[in-house]
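The whole structure should be built from the sequences, with the hints applied where relevant.
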Amino acid sequence: IVQASVKIVLRTKTKFLGIVIPPGIVVNDYEWGVGRELHFFDRNQTHSDNALVEVVEAIQDAGGAAIYLKPPLAEFSQPSKRMFFPYDGHLTAYGHQIVAKSLEGVIVDKLRK
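Each residue of the sequence shown is one higher than the one before, counting from 1 in the numbering used here.
Because the hints were derived from the structure by calculation, they are not lab data. In this text the structure is predicted, and so the values were computed from the model without any measurement. Idealized CB from N, CA, C, for every residue including glycine. A couple of the hints might just be wrong.
As the list claims (entries may be wrong) - Cβ-Cβ distance ranges computed for the label pairs, FRET-style:
| id | residue 1 | residue 2 | range |
| --- | --- | --- | --- |
| 1 | K13 | K81 | 36 to 46 Å |
| 2 | S80 | I8 | 40 to 50 Å |
| 3 | K13 | P79 | 42 to 52 Å |
As the list claims (entries may be wrong) - Below are the DSS-like pairs computed for lysine-lysine, each with C-alpha atoms no more than 30 Å apart in a straight line:
| id | residue 1 | residue 2 |
| --- | --- | --- |
| 4 | K101 | K113 |
| 5 | K101 | K15 |
| 6 | K13 | K70 |
| 7 | K70 | K110 |
| 8 | K101 | K13 |
| 9 | K70 | K81 |
| 10 | K110 | K15 |
| 11 | K70 | K101 |
| 12 | K7 | K81 |
| 13 | K7 | K113 |
| 14 | K13 | K110 |
| 15 | K15 | K81 |
Here you go:
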């Protein structure tokens with residue numbers, strides 16, 4: 001579905017940048033495990049992000065540009081500065097700041113080229 005959707009978007013000749021934001025469960029063990037004792041995923045267990053990497057690759061293979069934001073989210077994630085809310089998995093204000101700074105860096109870099 002993702003690959004087909006990307007191909008449709010690219011046929012429009014519109015330039016776009018695909019942003020892939022992983023859930024906390026693939027970022028590190030405490031972003032997901034803490035506060036989620038009743039969830040169906042195992043507590044304190046990071047899960048594979050292979051499917052998300054495939055999304056990035058599908059965008060790139062179709063000729064688009066994509067950014068995978070797991071590296072910066074994992075780099076700046078700390079128990080005292082979480083990227084995701086513990087009970088619902090949405091980005092915290094700090095997580096949004098890291099996403100914005102990461103995107104800003106990529107955009108500025110592209111504009112300089």
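To see whether the hints hold, each was checked on the structure:
no., hint, result
1, K13 with K81: 36 to 46 Å, "holds, 41 Å"
2, S80 with I8: 40 to 50 Å, "holds, 43 Å"
3, K13 with P79: 42 to 52 Å, "holds, 46 Å"
4, K101 with K113, "holds, 19 Å"
5, K101 with K15, "holds, 21 Å"
6, K13 with K70, "holds, 28 Å"
7, K70 with K110, "holds, 20 Å"
8, K101 with K13, "holds, 27 Å"
9, K70 with K81, "holds, 16 Å"
10, K110 with K15, "holds, 13 Å"
11, K70 with K101, "holds, 13 Å"
12, K7 with K81, "violated, 37 Å"
13, K7 with K113, "holds, 25 Å"
14, K13 with K110, "holds, 18 Å"
15, K15 with K81, "violated, 34 Å"
Figure legend: structure checked against the earlier numbered hints; hints not met, in rising order: 12 and 15.
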